[in-house]
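So the protein lines, in turn, are chains A and B. Everything in the first sequence is counted per this note's numbering, starting at 58 for the first residue and increasing by one. Everything in the second sequence is counted per this note's numbering, starting at 388 for the first residue and increasing by one.
Think of the hints as simulated: they come from the structure by calculation, not from any bench.
If you want a taste of the chain B side facing chain A, the calculated C-beta under 10 Å gives, among others:
hint: 1; residue: PRO398
hint: 2; residue: ILE404
hint: 3; residue: PRO487
Yeah, the Cβ is synthetic: ideal placement off N, Cα and C, and Gly gets one too.
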Amino acid sequence: MGFSQTIQTKFKLILWSCIAIFLGWTCIQTFILFWYDIPIYLAIIDSVVSASIYAISSYVIANALHYYQPEKDRYSYVLVWIIFLASLSAFCIKWSLQLLIHNEDYLAVILHSLPLRGLAGSLLIGGMAIMNVLWNSQKSQSEQEKRKSDAEKLAREAELYNLRQQLQPHFLFNSLNSIVALIGRQPETAKKMVFQLSDFLRGTLRKDDQQFIPLQEELDHLQLYLDIEKVRFGHRLDVRTHVDERATDTVLPAMITQPLLENAIKYGLYDTTGKVIIDIKIHLQAPFLIVQIENPYDIENTLSKKSSGFGLRSVQRRLFLLYGRTDLLQTKTENHTFIVTITIPQPHD
Amino acid sequence: MIKTLIIDDEPLARSIIKDYLAQYPEFEILQECNDGFEAVKAIAEHQPELIFLDIQMPKISGFELLEILESPPAIIFTTAFEEFALRAFEQHAIDYLLKPISKDRFDRALQKYLSNKVPQQDKTKKLINTLQENKTYIERILIKTGTTLKIIPIEKIIYLSADDDYVNVHTDNGDFLSNKTMTYFESHLDPAVFVRVHRSFIIRIDQIVRIDPYERDSHRAILRNKASINVSKSGYPKLMKALGN
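Based on the sequences and whatever the hints tell you, model everything.
Now the structure itself:
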């Protein structure tokens with residue numbers, strides 16, 4: 058639709074340009090001839106004939122340029138066309154006027170002014186040609202830009218999708234393994250875990266088509282994840298969530314906090330054989346939602362940055378793709394506590 | 388009785404192996420380990436013949452644990468996710484079990500173990516070699532002293548020196564003996580950071596304070612911690628290249 062529409066507008070534009078050339082040139086030439094004391098009826102006949110032929114030539118070149126769009130280094134061809142059409146126009150004018158006018162004196166003037174008529178034709182046809190070339194190149198450029206931005210958008214969406222998906226397989230298979238273990242020993246717990254896992258996965262799938270969700274929904278989803286992790290890791294895990302009242306009406310990218318919690322559990326759990334306390338603190342610092350997750354951290358036996366950070370890196374990448382900023386995820390260590398903070402810009406309304 | 392260990396960070400994952408193994412009276416589970424640190428102790432203490440080893444464990448992965456054992460027993464890996472490295476197991480490990488682990492699959496792995504018990508140690512050694520070949524530059528060194536495990540991030544290393552069959556890893560917090568070879572470290576440490584300047588020395592180039600001529604054809608590198616390291620005739624150009632001269 059868009060394409061045929063632009064073509065139609067283009068032809069309309071060409072037509073109106075030709076009409077403008079016809080009317081404009083008729084007036085200008087009549088005025089000039091009249092100025093040089095040519096009888097008015099001769100001036101009008103000459104001007105109408107000349108203007109018609111220039112307009113037709115302009116129409117021809119505009120159409121030709123629509124079907125043949127010269128490369129950047131082929132503009133000389135266009136110039137040749139212009140000169141050719143202008144010369145042809147001049148001779149057509151001469152020939153037509155010889156048929157219409159029988160005043161010998163004036164015919165001599167026409168013959169004499171042939172180069173001037175050719176020049177005028179070149180200018181008019183050339184103007185038309187330039188207008189068309191510019192129009193074409195601008196259009197192809199904007200089309201190219203649109204294609205580029207479309208491609209970028211697709212790539213971005215695919216990457217966001219992948220980042221969300223990558224978090225699942227380990228968690229899923231390990232949870233299934235836990236369920237298998239529970240079936241014999243604690244069938245009720247196994248059942249419960251199947252339902253929890255189903256709810257969690259459903260949430261993950263549903264959230265694929267909506268980027269942003271209310272904080273409460275994200276927290277509910279996080280709780281499901283946590284319940285499953287508690288079954289896997291048992292009593293050792295204690296997660297405390299503190300949400301500031303003012304932060305309840307906020308939104309955030311779906312599932313952005315889960316990899317952070319996963320990371321905290323992974324690296325918190327293994328540094329002690331005792332109970333592990335993970336703190337989730339959420340507050341509003343207008344216009345930003347601040348989510349902070351803290352876990353105990355053993356500096357001595359820590360994993361290297363590279364291997365510990367897939368979850369964190371994927372969150373950082375998602376935040377960058379969504380907001381175009383690299384500073385929205387920060388980590389720091391304080392007295393054997395690892396703190397990761399994400400800052401979520403809130404929409405304005 | 389076949390002495391067996393189960394190493395996995397998830398209690399339920401361990402219990403499933405325990406359940407399956409209950410039907411095989413010839414296997415005796417000596418201990419269940421929650422992480423690599425416990426495992427090192429348990430392996431030294433019990434000298435198991437078979438280990439069920441989880442790959443994805445924090446702190447030390449199953450692979451890393453394997454590398455620091457002097458005489459690793461037969462291994463059956465357990466893992467949630469197929470990874471590239473698993474291909475190596477086809478040839479060398481007894482087997483690997485993908486989670487969730489089915490009884491059928493578990494039985495087959497055990498049959499495989501029972502049917503060719505003898506050359507297991509060689510197999511595991513070969514596996515370790517394969518893993519090492521595939522590896523990119525290491526980021527830390529794991530050192531086992533007796534039954535305790537020490538993790539040294541490579542940023543902490545000042546230099547390495549040959550010490551009989553061992554390699555002495557020198558850090559600000561002291562020296563640690565590794566059972567790996569100089570050749571291993573030379574090929575597994577990033578050559579942009581570490582240079583083998585002598586048959587017996589690998590130094591971290593950002594620790595160098597100055598380089599002095601010493602005797603004929605040789606030099607000495609003075610390090611930040613005042614250590615003076617011999618730089619051999621062949622080591623000197625390598626060092627100069629790494630330093631960008």
